[in-house]
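Number of protein chains: 2
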Amino acid sequence: MAFKAPSMLGPKFPWLLWAYACCCSISFCGRVVVWPTDASHWINVKVLLQELVLRGHEVTVLVPSSNLLINYQDTSSPFTFEVLQVPFSQETLDASMEDFLNFWMNEASNLFPWEIMWTMKEQLEVFTNMSKQTCDTLVMNSHLIAKLQQAKFDVLIADPLSVGGELVAEILEIPFIYSFRFSDGNVVERLCGGLPSPPSYVPASTMGLTHQMSFMERLQNFLFYIFTDLFFVKFWRDEWDGYYSNVLGKAAEILQRQLATSEIWLIRTYWDFEFPRPFLPNFEFVGGLHCQPAKPLPKVSQLHSAIGCSGEHGIIVFTLGSMVYNLSDEKSNVIAKALSQLPQKVLWRYKGKKPETLGSNTKIYDWIPQNDLLGHPLTKAFITHGGTNGLYEAIYHGIPMVGIPMFADQHDNIAHMVAKGAAVQVDFNTMKTQDLADALNTVIYNSTYKENALKLSKIQHDQPVKPLDRAVFWIEFVMRHKGAKHLRPAAHHLTWYQYHSLDVLAFLFTCTATIVFILFKCSASGNYTDCLGANGRLES
Amino acid sequence: MAFKAPSMLGPKFPWLLWAYACCCSISFCGRVVVWPTDASHWINVKVLLQELVLRGHEVTVLVPSSNLLINYQDTSSPFTFEVLQVPFSQETLDASMEDFLNFWMNEASNLFPWEIMWTMKEQLEVFTNMSKQTCDTLVMNSHLIAKLQQAKFDVLIADPLSVGGELVAEILEIPFIYSFRFSDGNVVERLCGGLPSPPSYVPASTMGLTHQMSFMERLQNFLFYIFTDLFFVKFWRDEWDGYYSNVLGKAAEILQRQLATSEIWLIRTYWDFEFPRPFLPNFEFVGGLHCQPAKPLPKVSQLHSAIGCSGEHGIIVFTLGSMVYNLSDEKSNVIAKALSQLPQKVLWRYKGKKPETLGSNTKIYDWIPQNDLLGHPLTKAFITHGGTNGLYEAIYHGIPMVGIPMFADQHDNIAHMVAKGAAVQVDFNTMKTQDLADALNTVIYNSTYKENALKLSKIQHDQPVKPLDRAVFWIEFVMRHKGAKHLRPAAHHLTWYQYHSLDVLAFLFTCTATIVFILFKCSASGNYTDCLGANGRLES
Chain A
7 MAFKAPSMLG PKFPWLLWAY ACCCSISFCG RVVVWPTDAS HWINVKVLLQ ELVLRGHEVT
67 VLVPSSNLLI NYQDTSSPFT FEVLQVPFSQ ETLDASMEDF LNFWMNEASN LFPWEIMWTM
127 KEQLEVFTNM SKQTCDTLVM NSHLIAKLQQ AKFDVLIADP LSVGGELVAE ILEIPFIYSF
187 RFSDGNVVER LCGGLPSPPS YVPASTMGLT HQMSFMERLQ NFLFYIFTDL FFVKFWRDEW
247 DGYYSNVLGK AAEILQRQLA TSEIWLIRTY WDFEFPRPFL PNFEFVGGLH CQPAKPLPKV
307 SQLHSAIGCS GEHGIIVFTL GSMVYNLSDE KSNVIAKALS QLPQKVLWRY KGKKPETLGS
367 NTKIYDWIPQ NDLLGHPLTK AFITHGGTNG LYEAIYHGIP MVGIPMFADQ HDNIAHMVAK
427 GAAVQVDFNT MKTQDLADAL NTVIYNSTYK ENALKLSKIQ HDQPVKPLDR AVFWIEFVMR
487 HKGAKHLRPA AHHLTWYQYH SLDVLAFLFT CTATIVFILF KCSASGNYTD CLGANGRLES
Chain B
7 MAFKAPSMLG PKFPWLLWAY ACCCSISFCG RVVVWPTDAS HWINVKVLLQ ELVLRGHEVT
67 VLVPSSNLLI NYQDTSSPFT FEVLQVPFSQ ETLDASMEDF LNFWMNEASN LFPWEIMWTM
127 KEQLEVFTNM SKQTCDTLVM NSHLIAKLQQ AKFDVLIADP LSVGGELVAE ILEIPFIYSF
187 RFSDGNVVER LCGGLPSPPS YVPASTMGLT HQMSFMERLQ NFLFYIFTDL FFVKFWRDEW
247 DGYYSNVLGK AAEILQRQLA TSEIWLIRTY WDFEFPRPFL PNFEFVGGLH CQPAKPLPKV
307 SQLHSAIGCS GEHGIIVFTL GSMVYNLSDE KSNVIAKALS QLPQKVLWRY KGKKPETLGS
367 NTKIYDWIPQ NDLLGHPLTK AFITHGGTNG LYEAIYHGIP MVGIPMFADQ HDNIAHMVAK
427 GAAVQVDFNT MKTQDLADAL NTVIYNSTYK ENALKLSKIQ HDQPVKPLDR AVFWIEFVMR
487 HKGAKHLRPA AHHLTWYQYH SLDVLAFLFT CTATIVFILF KCSASGNYTD CLGANGRLES
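Protein chains in written order, with the numbering used here: chain A, 7 to 546; chain B, 7 to 546.
Quick caveat, the hints were computed from the structure, so don't treat them as lab data.
Think of the CB as a built atom: it goes at the ideal place given N, C-alpha and C, for glycine as much as any other residue.
Heads up, some of the hints might be wrong.
[Unchecked claim] Derived DSS-like pairs: lysine-lysine, alpha-carbon spacing no greater than 27 Å straight-line:
hint, chain 1, residue 1, chain 2, residue 2
1, A, K456, A, K438
2, B, K464, A, K491
3, A, K138, A, K52
4, A, K491, B, K488
5, B, K357, A, K158
6, A, K464, B, K456
[Stated by the list, open to error] Estimated spans, in silico, between C-beta atoms of each pair:
hint, chain 1, residue 1, chain 2, residue 2, range
7, A, F118, B, V239, 45 to 51 Å
8, B, E179, A, D509, 46 to 52 Å
9, A, D509, B, R263, 31 to 37 Å
10, B, E179, A, G62, 32 to 38 Å
11, B, I151, A, E223, 55 to 61 Å
12, A, S307, B, E179, 47 to 53 Å
13, B, T81, A, E223, 57 to 63 Å
14, B, R263, A, L460, 29 to 35 Å
15, B, P304, A, H498, 49 to 55 Å
16, A, S334, B, V522, 43 to 49 Å
17, B, E179, A, E113, 51 to 57 Å
18, B, N77, A, G62, 47 to 53 Å
19, A, Q347, B, R263, 20 to 26 Å
20, A, K464, B, V522, 51 to 57 Å
[As the list claims (entries may be wrong)] Pulled a few chain B residues facing chain A out of the computed Cβ check, cut under 10 Å:
hint, residue
21, Q218
22, N227
23, D509
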């Protein structure tokens with residue numbers, strides 16, 4: 007492996023950057039191993055890994071034999087796949103995901119909070135068991151470990167929500183980097199990453215709050231921080247600590263400490279999307295790294311024809327993401343009816359049963375080139391479930407949105423876009439035909455939504471280095487320097503009460519209380535000198 | 007003025023960056039106005055302003071007729087100077103600075119803390135009065151204000167320690183940016199900038215502590231935070247609030263609020279120097295922006311000859327900065343004697359009386375090309391007072407240091423370098439000949455110091471965009487977008503007790519106390535049902 011530190015590049019010496027870029031594929035050749043992250047997370051990480059391959063690095067992905075979106079049988083893939091033969095079948099995994107989606111789309115809204123929490127705990131157990139089984143296939147396979155050690159990887163890339171990456175990095179004795187979107191209440195970022203998050207203006211993720219909160223919202227946010235901390239400790243950290251301790255032969259709190267040793271946290275958002283908040287030097291916000299200019303649509307395609315006859319009204323792009331395949335008849339008819347009332351052509355990615363109320367202006371497709379459509383000059387609006395990937399493509403191209411969030415970070419994502427004036431939210435569970443039609447008319451015909459979407463787009467485009475290049479830079483930095491310890495805060499060496507200076511406060515309180523007590527005793531006995539004995543010492 | 011948003015540039019499309027850079031001087035032409043910052047601050051900011059001029063911007067510097075280092079009579083300067091005719095003379099300013107230096111170099115170490123504090127307060131009053139007189143020359147000159155308004159500046163650059171910039175920006179109705187190194191205890195950054203600083207691992211500036219503190223150090227740090235907060239409010243904020251209120255006709259706390267509206271804080275340090283700590287998205291760490299590769303020394307110069315005969319032992323570069331011109335005879339002789347014991351050639355920048363103990367290996371110069379000497383391959387060590395500018399040149403070139411800090415941030419700066427293993431500190435007041443000789447021998451002959459200095463150098467050089475380009479980027483960003491509001495945290499809209507969630511805690515405490523009180527009352531009356539009246543309502 008031959009590394010060459012990049013020169014300090016800038017607009018003043020563009021030829022240096024040019025020469026450096028030309029040399030990249032020759033002089034850089036690192037070995038990257040990836041702990042699997044699935045579903046929409048994989049869609050994002052894949053773009054980063056493809057870029058690493060383009061720059062001359064070797065990428066090996068550890069992939070469970072049963073998974074959602076990682077096609078390890080694709081012979082044209084630029085990655086080397088190391089398949090982990092997990093004991094659960096593809097059907098079991100699909101059924102678990104179906105249950106998960108069904109609960110959040112159809113059941114959760116009718117339940118009490120404690121019922122939701124209980125189901126969350128049960129769902130977490132299901133996925134935790136699968137994660138442990140995935141880990142087992144590696145940590146109990148000494149042959150595979152030896153093979154991976156011999157490969158002499160330079161860095162491991164993981165997602166903290168897909169537990170195990172930090173364990174593998176420890177076993178292989180290599181530094182690791184996280185690619186990360188969010189955890190419930192920011193609890194992983196806060197407790198493991200050390201990310202400071204004042205609950206007064208940093209809304210807990212999944213709450214759908216903004217950075218400007220009323221007293222009641224701040225109270226709600228504060229309590230949710232506590233709730234998620236307890237949930238994390240009880241149902242996640244404690245659950246994994248035993249497993250990690252067994253594997254590594256170390257003491258408790260091992261998961262939290264392991265996660266804290268991530269060299270860099272590549273966060274999949276940026277300040278076009280995020281509310282400004284404190285962060286640490288080893289956190290890099292690379293949201294939009296997967297975005298790219300739209301490619302022209304093939305001239306003979308159905309899509310091209312559909313757009314061609316949209317006229318001055320333009321088109322609307324509609325998708326509920328890579329995980330939601332179908333809707334109830336009632337819901338799909340409500341949506342289709344609303345869409346049929348619009349003068350725009352609607353291009354809907356949907357695999358479910360064709361709704362009866364589908365209008366002539368609406369075309370359904372199994373798959374659409376989402377980024378190319380969002381970048382089309384005739385696109386007027388984007389109807390989205392609020393997944394970060396799609397939402398970033400809308401930001402990139404400056405398209406206003408109608409959000410129909412369902413689960414995970416989707417409520418949060420749409421709340422951000424609503425607060426920034428680039429989206430209108432519609433409630434998935436209570437939505438009526440008119441609600442959706444009104445929302446679409448608002449974002450299309452009230453020009454402030456388009457203006458605000460374009461503002462966000464400008465922020466995304468106007469960065470000193472584009473997100474994909476920044477992400478690659480820090481991965482290569484970690485490979486070059488075998489880590490980035492100079493960016494890791496000393497907070498990780500403190501206990502929680504030391505971090506919050508509670509021991510200092512307790513000491514100061516004790517000193518003050520002692521002084522007050524002595525003064526009180528003296529004043530009670532009438533005279534300060536009464537407190538002192540003949541030799542001037544304090545007497546009780 | 008014609009702005010063009012830069013493309014998203016990166017190693018993948020170097021030709022884009024090249025094309026962009028080539029177009030810079032044609033398409034960018036902003037108007038920048040600078041509120042004066044003096045002494046070593048000016049040395050640093052001047053480099054940034056020169057770069058702005060090189061990129062086609064017009065730079066106007068508002069400069070007091072009496073100042074320390076801003077030579078507004080230099081006809082070759084690339085800046086336009088607008089001279090503010092201040093009522094204090096050059097002699098008065100020089101004498102005040104002489105008093106300031108004399109106090110910190112010769113008197114402070116023999117005084118009690120409260121005596122030091124009292125003198126600090128008196129010194130602050132002297133400089134505050136001069137600052138107010140400087141502000142007066144502008145805010146009371148409607149002709150000048152009109153002239154500046156007509157110039158239609160796009161951005162103002164200031165240093166928060168040189169108060170007034172934010173006031174001028176408000177009058178001219180333009181966004182402003184800070185270039186900043188530090189304030190006592192980080193108080194300006196914390197209270198005005200909203201920078202989160204947990205006292206458990208973020209050492210207050212000027213304390214000389216590191217990020218890893220014992221309990222007593224954390225206690226000391228915590229108390230210093232409180233002390234500096236009170237000092238700031240009492241002797242700085244309150245002092246300026248009246249002045250700002252008079253000028254702007256607004257309510258109190260005006261200074262703190264004004265400072266909070268800075269679009270970007272360009273901090274003159276980086277993570278090679280800083281201990282990792284939380285920061286905000288509108289803080290950009292651009293330390294080392296003034297550093298550049300060493301130029302070869304002229305072959306016929308005295309310096310070139312001196313270095314030429316240094317042989318294998320190499321040279322030592324020695325300066326106490328741009329403000330310290332001479333030392334007491336005793337001190338200069340202690341230093342000269344220590345230097346005479348070394349086999350290296352010593353190049354000493356010093357304007358004072360030639361010490362009697364000066365060795366033949368030591369040459370004294372009025373001025374030295376410090377950066378070129380530190381970048382010379384024969385340079386073995388740097389003796390420095392610990393000013394940030396010089397220290398960054400040593401980091402840039404990977405030279406180990408002996409620090410003799412005297413005042414301001416110098417103790418802090420050297421403490422950072424000592425903690426990072428690239429320097430040894432010597433106490434200016436108690437230093438003996440052998441102490442200095444030992445310190446120099448340590449950093450020269452114990453190879454870990456050189457290795458650590460080179461590590462810091464690598465961190466400085468290995469950045470995605472070099473500091474000067476990042477600083478220019480954000481200034482141009484603010485000009486392009488008329489601000490950077492999307493980076494400003496909502497913390498600025500909260501009171502201190504809201505920020506720390508104290509109102510939420512008080513509410514929760516009150517609720518808990520009420521419940522406990524009711525339960526206690528019930529249990530005291532023997533039976534819960536006794537607390538309830540016949541209608542089930544709670545009775546007292």
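How the hints compare with the structure:
1. Of the pairs offered as hints, the one joining K456 of chain A and K438 of chain A holds, with about 24 Å between alpha carbons and a cut-off of 27 Å not exceeded.
2. Only pairs whose Cα atoms come within 27 Å are accepted, and K464 of chain B paired with K491 of chain A is accepted, the gap being roughly 13 Å.
3. With a CA separation close to 23 Å, the supplied pair K138 of chain A and K52 of chain A stays within the 27 Å bound.
4. Our distance criterion of 27 Å between C-alpha atoms is broken by K491 of chain A and K488 of chain B, whose separation comes to about 37 Å.
5. The hinted pair formed by K357 of chain B and K158 of chain A fails the criterion: a straight-line CA distance of about 57 Å is larger than 27 Å.
6. Distance restraint check for K464 of chain A and K456 of chain B: the Cα-Cα separation of roughly 45 Å exceeds the 27 Å cut-off, and the hinted pair is therefore not satisfied.
7. Here the CB-CB span from F118 of chain A to V239 of chain B is close to 48 Å, well matched to the stated 45 to 51 Å.
8. Under the hint 46 to 52 Å, the C-beta atoms of E179 of chain B and D509 of chain A, about 49 Å apart, fit the expected range.
9. Against the hinted window of 31 to 37 Å, the Cβ-Cβ separation of D509 of chain A and R263 of chain B comes to about 34 Å, which satisfies the hint.
10. Between E179 of chain B and G62 of chain A the beta carbon distance is about 51 Å. The supplied range of 32 to 38 Å is therefore violated.
11. Between I151 of chain B and E223 of chain A the beta carbons are some 43 Å apart, a value that contradicts the proposed interval 55 to 61 Å.
12. For the hinted restraint 47 to 53 Å between S307 of chain A and E179 of chain B, the CB-CB distance of approximately 52 Å keeps it satisfied.
13. Range check, T81 of chain B to E223 of chain A: Cβ separation about 60 Å, and the 57 to 63 Å hint holds.
14. Between R263 of chain B and L460 of chain A the beta carbons are some 30 Å apart, a value that agrees with the proposed interval 29 to 35 Å.
15. For P304 of chain B and H498 of chain A, the hinted distance range of 49 to 55 Å is satisfied, since their beta carbons lie about 50 Å from each other.
16. Against the hinted window of 43 to 49 Å, the Cβ-Cβ separation of S334 of chain A and V522 of chain B comes to about 48 Å, which satisfies the hint.
17. Distance hint check for E179 of chain B and E113 of chain A: the Cβ-Cβ separation is about 55 Å, which falls inside the suggested range of 51 to 57 Å.
18. At roughly 50 Å, the beta carbons of N77 of chain B and G62 of chain A sit within the given window of 47 to 53 Å.
19. For the hinted restraint 20 to 26 Å between Q347 of chain A and R263 of chain B, the CB-CB distance of approximately 49 Å leaves it violated.
20. For the pair K464 of chain A and V522 of chain B, the beta carbons lie near 54 Å from each other, so the given range of 51 to 57 Å is met.
21. With a cut of 10 Å, the hint placing Q218 of chain B at the interface with chain A holds, because the nearest CB-to-CB distance is about 5 Å.
22. Because the beta carbon of N227 of chain B sits about 9 Å from the nearest beta carbon in chain A, less than 10 Å, this interface hint is met.
23. At a threshold of 10 Å, the smallest CB-CB gap from D509 of chain B to chain A is about 7 Å, leaving the interface hint in force.
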